[in-house]
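Peer 1: Line by line, the protein sequences are chains A and B. Heads up, the first sequence is in our numbering, so the first residue is 354 and it goes up one at a time. Heads up, the second sequence is in our numbering, so the first residue is 19 and it goes up one at a time.
Please keep in mind that the hints were generated in silico from the structure rather than gathered at the bench. Because the structure is a prediction, the values reported are computed rather than measured. Some clues are possibly wrong.
Distance ranges between label pairs, derived from CB positions [what the hints assert, rightly or not]:
{"#": "1", "chain 1": "A", "residue 1": "Thr-366", "chain 2": "B", "residue 2": "Phe-213", "range": "25 to 33 Å"}
{"#": "2", "chain 1": "A", "residue 1": "Ser-396", "chain 2": "B", "residue 2": "Glu-303", "range": "32 to 40 Å"}
{"#": "3", "chain 1": "B", "residue 1": "Glu-31", "chain 2": "A", "residue 2": "Leu-357", "range": "37 to 45 Å"}
{"#": "4", "chain 1": "A", "residue 1": "Leu-357", "chain 2": "B", "residue 2": "Phe-53", "range": "45 to 53 Å"}
{"#": "5", "chain 1": "B", "residue 1": "Pro-294", "chain 2": "A", "residue 2": "Glu-387", "range": "51 to 59 Å"}
{"#": "6", "chain 1": "B", "residue 1": "Pro-29", "chain 2": "A", "residue 2": "Arg-390", "range": "31 to 39 Å"}
{"#": "7", "chain 1": "B", "residue 1": "Gln-75", "chain 2": "A", "residue 2": "Arg-390", "range": "53 to 61 Å"}
{"#": "8", "chain 1": "A", "residue 1": "Thr-366", "chain 2": "B", "residue 2": "Ala-257", "range": "21 to 29 Å"}
{"#": "9", "chain 1": "B", "residue 1": "Ser-42", "chain 2": "A", "residue 2": "Asn-391", "range": "18 to 26 Å"}
{"#": "10", "chain 1": "B", "residue 1": "Gln-304", "chain 2": "A", "residue 2": "Asn-359", "range": "41 to 49 Å"}
Partial selection, computed: residues in chain A whose CB lies under 8 Å from chain B [said to hold, decoys possible]:
{"#": "11", "residue": "Ile-372"}
{"#": "12", "residue": "Val-379"}
{"#": "13", "residue": "Gly-380"}
{"#": "14", "residue": "Leu-381"}
{"#": "15", "residue": "Gln-383"}
{"#": "16", "residue": "Glu-387"}
Glycine included, C-beta positions come from ideal geometry on N, C-alpha and C.
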Amino acid sequence: MIDLLNLVNVGITVLVPAIVWTVLLVGLFQLLWEPIRNARMTSQRVAPQGRSR
Amino acid sequence: MSKLTIDAHPPLEMAERMEDVGVSKATMDPQSMFFLAVLAGSFIGLGGEFFTLVTTQSGLGFGMNKLVGGLVFSLGLILVVVAGAELFTGNNLIVMAWVGGKLTLAQVMRNWIIVYVGNLVGSVATVLFMYFTNQWTFAEYQVGVNALNIANAKVNLSFTTALTRGILCNALVCLAVWLTLSGRSVADKIMAIVFPITAFVASGFEHSIANMYFIPMGLLMKGEPQVLEAAGVVAADLAALNVHGFLDNLLVVTTGNIFGGGFLVAMVYWFIYRRPQVRARVESEQDQPRSFVTDRASG
Chain A
354 MIDLLNLVNV
364 GITVLVPAIV
374 WTVLLVGLFQ
384 LLWEPIRNAR
394 MTSQRVAPQG
404 RSR
Chain B
19 MSKLTIDAHP
29 PLEMAERMED
39 VGVSKATMDP
49 QSMFFLAVLA
59 GSFIGLGGEF
69 FTLVTTQSGL
79 GFGMNKLVGG
89 LVFSLGLILV
99 VVAGAELFTG
109 NNLIVMAWVG
119 GKLTLAQVMR
129 NWIIVYVGNL
139 VGSVATVLFM
149 YFTNQWTFAE
159 YQVGVNALNI
169 ANAKVNLSFT
179 TALTRGILCN
189 ALVCLAVWLT
199 LSGRSVADKI
209 MAIVFPITAF
219 VASGFEHSIA
229 NMYFIPMGLL
239 MKGEPQVLEA
249 AGVVAADLAA
259 LNVHGFLDNL
269 LVVTTGNIFG
279 GGFLVAMVYW
289 FIYRRPQVRA
299 RVESEQDQPR
309 SFVTDRASG
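Isolated chain A (complex conformation):
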């Protein structure tokens, strides 16, 4: 019984922060990456127009 409680305790204290912080870090990465990706896409769209002139 005590072993089971210890296992649950470890599960909660390790798994919960791991899941939450993984999601937060992925979200943060996407949030920071989005403007960079948009800027790249815009520059790629503008570049061929510049050449055609």
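For this one, chain A is given, so just place chain B on it according to the hints.
Peer 2: Using the frame of chain A, we list chain B on its own:
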């Protein structure tokens, strides 16, 4: 002519509404989002202030004191929901719109970061206002002593205790917000809020935004010699009550809050009510082009 109804919205409709609300919250302009978050921080701070005042020397037994404290703290979420404001813990329900594919994780993060910072600004501003009201001197500094004890208890929680209390707290807060989606009137919404919020406060669960009021208030009380004298404590008893202890508590409690609200409520309800609908829609969309091709071929 539309039919007048007083029936509560069924959970399936509530889930659909929550996704739509999540989208409108996450796509709001940052300035409005921030100022609404500052308001929510102050509203929760006012709930915290009301709680501190009422539970000071109430003369009630342990359970009744907790019950009354919980009831008055409900003011915070009632103001947030009815008056309209952006509360980080309630906004953990936006996860429903993300898992439903209506928002990106980046949009959810943008909302959470702006709202969290706004909530902190609003809570700390309320602490400063309350400090200058000298309310903490009431009842021969006992209001200040109560604020000090509340904050000191919070910063001395173990990691597991703070985390599990955070999880259960926001499960109840998000259930309160979820229940308000079933209501049609202000009275419905208030009734929906009172019991889950009273339950979380009376149970001593940990709310990250409420702690942005309680712990800074305790920090200010720690600097008041009259309060320390009335509390009968020395500096060593309050060793953990400092900015580091505050940030430690916030980190763990916020993690628990996100899990309790975002995973245990939002994801679970999405899985139960929205996933079958989304699957059915995807399957019908997959079927349609095939029948179109077949029709053209046969025609």
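Peer 1: Taking the earlier hints as the rules, which of them does this structure contradict?
Peer 2: The structure breaks only hint 5.
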